[in-house]
Amino acid sequence: MPKLYDYVLSGSCYKVRLLLGMLGIAHETQAVDFFPGREHKRPEFLALNPLGQLPVLEDDGLVLRDAQAILCHLANKHDTSGNWLPRDDRFGPVMLWLSFAGGELMAISGARMIAMLNYPGDLVALQAKARTALRLLDDHLADRAQAGGLWLVGPTPTIADIATFPYVALSHDAGIGHEDYPAINLWQRQVRKLPGFVGMPGVPDYF
Amino acid sequence: MADWIPIALGRDVPDGVTRAVIVDGREVMIWRGEDGVAHVWEDRCPHRGMRLSLGFVRSNALNCLYHGWQYGAGANCLRIPAHPDLTVPPTIRANAYAAAETGGMVWMSADGASPAPLLPEATPVISLAIEAAPERVLAALGSSTAHPIAALPGAAGLLQLGWHRVHAAKTMLHATGTGADIAAATAQLRALRQNLEQGAAA
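Protein chains in written order, with the numbering used here: chain A, 1 to 207; chain B, 1 to 202.
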C-alpha cells in the first residue's frame, strides 16, 4: 500500500492527497512534524529525501520525492481511464502545467510560509511573482473557457489541474485574493466538484 | 463612490457562485442565487467579519463559511445553525448595495438613489485587471472616468467596456461586444493591458 509522508498544512502534500482521493487509492499516511519540529531536516527523513522536502511517497519499495513526480507515478500506476495522465497530444501540455505548478506557482508557497509561519524572505517580491503566475493561469483559463473548455488541458481533468489547484486555492494565506482572476474563480469551483475531492485547512470541501 | 458602477461580467458569476471584487478599495462580493438574481454585498459577515465571498450559495441564500449564518436575498439573516430554534432578529443583516444587471454586466450603487442604466444585451468578452490608474486607462480608450462605459472600435468589432476603480493604480475592465470576434477582442484588450502596464513601469 502506498505510504505518503505528509504535513497537513503543506500545499504540495495536498496535491498528492487530492489525487489519492480522486483515484480512490487505498494508502497510509505518516505525519511529519514540518513546523515547528523541522522533522523533514532530521537524518531519518533525509535518508528518504536528501533535499529535505515534503511530500515523499513510498510505493512497493519505490521512494519518490517531488509532488509532480508523485502525481505522474500514481496516475501511471493506478488510473485505468488514462485521462489523468494522457499519452496523446495532451501529454506535453500536461507536463507544461506540472512544471508551472512546481515552478512559478511555488512563489505562492514561499509567500505563504513568510505570511503564516514567519519564515524569512521578501514577501512583497514573492507576492509579485505569484501574481504574475496567477495572471498567466487566468489568461489561459479564460481562453479555455471561451473555447468551451473547463480544464487546463483537454476535455477532462488531468493531473495538471490537480498540481495547480492547491496553491491557487491557498493564495489567500499568502495575502493574495482572487479578485483579479475571474476565470480562476470559476475553474477552482469545477475542481471542488470533482468526485473524491478533499479539502484541507484553508480549502473548504464545500462550495 | 460614483453612482452606478459595473463591477463584473454577469457570465463570470453563474448561478450558485460567489465572486470577490475590490471596488475603490472596498471589499465587495457578488453572489447569484439559483433563481438567477445577482446580489452585491459588502464582503463581510456581520457576525465575525469573515469574507462572505468564501461562503456558499444554497437555493437563494448565501451561507457564511465560518459559522454557517445564512442570509436571504433581502440580506437579512435567516438562520444561525448554532441556535437552530432562534427566530433571528431582523436587525442582523449583511450590508447590501443596490445591484442591477444590464448590458452583460453586474452593476452596483452605494445608495441606488438613481435608476440603474439600461443597456442593450451584449456578448461577454473578458474582464481584465490592469495595473494602471483608471484615468490613464480611460484616456488610452479615448474616454474619461466621467463615463461608466467606453466604446472601443477595432478590427474585432465594436466593444463596450465597463470599468471600475480597484484602487488608485489598478483598473478592472469588463468588455462586451455585439457581433465581436471574442478571441480577437481578447487579444486586443490584452495588448492594451500590456501597453498600459509597460507605460506605468517606464
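These are calculated hints, taken from the structure and not from any lab test.
The reader is advised that the hints may include incorrect statements.
[What the hints assert, rightly or not] In silico SDA-like links for lysine to any residue, alpha-carbon gap of 25 angstroms or less: (1) Lys193/A / Arg11/B; (2) Lys170/B / Lys193/A; (3) Lys129/A / Glu131/B.
[Said to hold, decoys possible] Partial list, computed: chain B residues near chain A (C-beta under 10 angstroms): (4) Arg48; (5) Ser53; (6) Leu54; (7) Arg79; (8) Pro81; (9) Asp85; (10) Val88; (11) Ile182.
[Stated by the list, open to error] The calculated label-pair distances, taken between Cβ atoms and stated as ranges, are: (12) Gly61/A / Leu86/B: 36 to 46 angstroms; (13) Ala125/A / Asp15/B: 32 to 42 angstroms; (14) Ala140/B / Gly148/A: 23 to 33 angstroms; (15) Ala128/A / Pro117/B: 33 to 43 angstroms; (16) Ala184/B / Leu194/A: 25 to 35 angstroms.
Ideal placement from N, C-alpha and C gives every residue a C-beta, glycine not left out.
These are the hints, each one checked on the structure:
Between Lys193/A and Arg11/B the alpha-carbon distance is near 19 angstroms, which keeps this suggested pair within the 25 angstroms criterion. Note on Lys170/B and Lys193/A: the hinted pairing is violated, with a Cα-Cα distance of about 32 angstroms set against a maximum of 25 angstroms. At roughly 14 angstroms between alpha-carbon atoms, Lys129/A and Glu131/B fall within 25 angstroms of each other, so this suggested pair holds. Proximity of Arg48/B to chain A is violated relative to the hint, the smallest CB-CB distance being about 16 angstroms (cut-off 10 angstroms).
Evaluation of the Ser53/B hint against chain A yields a held restraint, the C-beta minimum of about 8 angstroms falling below 10 angstroms. Of the supplied interface hints, the one on Leu54/B holds, with its beta-carbon coming within about 7 angstroms of a beta-carbon of chain A, less than 10 angstroms. Restraint check, Arg79/B versus chain A: the minimum CB separation of about 16 angstroms is more than 10 angstroms; hint violated. Annotation: interface hint on Pro81/B violated; nearest CB of chain A at approximately 14 angstroms, more than 10 angstroms.
The interface hint given for Asp85/B is violated, since its Cβ lies 24 angstroms from the closest Cβ of chain A, which is over the 10 angstroms cut-off. Taking 10 angstroms as the C-beta cut-off, the interface hint given for Val88/B is violated, the closest approach to chain A being about 22 angstroms. At about 6 angstroms, the closest approach between the beta carbon of Ile182/B and any beta carbon in chain A falls short of 10 angstroms, and the interface hint on this residue holds. At about 58 angstroms, the beta-carbon gap between Gly61/A and Leu86/B misses the expected band of 36 to 46 angstroms.
The supplied range of 32 to 42 angstroms is met by Ala125/A and Asp15/B, whose beta-carbon atoms lie about 39 angstroms from each other. Distance hint check for Ala140/B and Gly148/A: the Cβ-Cβ separation is about 31 angstroms, which falls inside the suggested range of 23 to 33 angstroms. Checked against the given bound of 33 to 43 angstroms, the beta carbons of Ala128/A and Pro117/B, roughly 36 angstroms apart, stay inside it. Checked against the hint of 25 to 35 angstroms, the pair Ala184/B and Leu194/A passes, with Cβ atoms roughly 33 angstroms apart.
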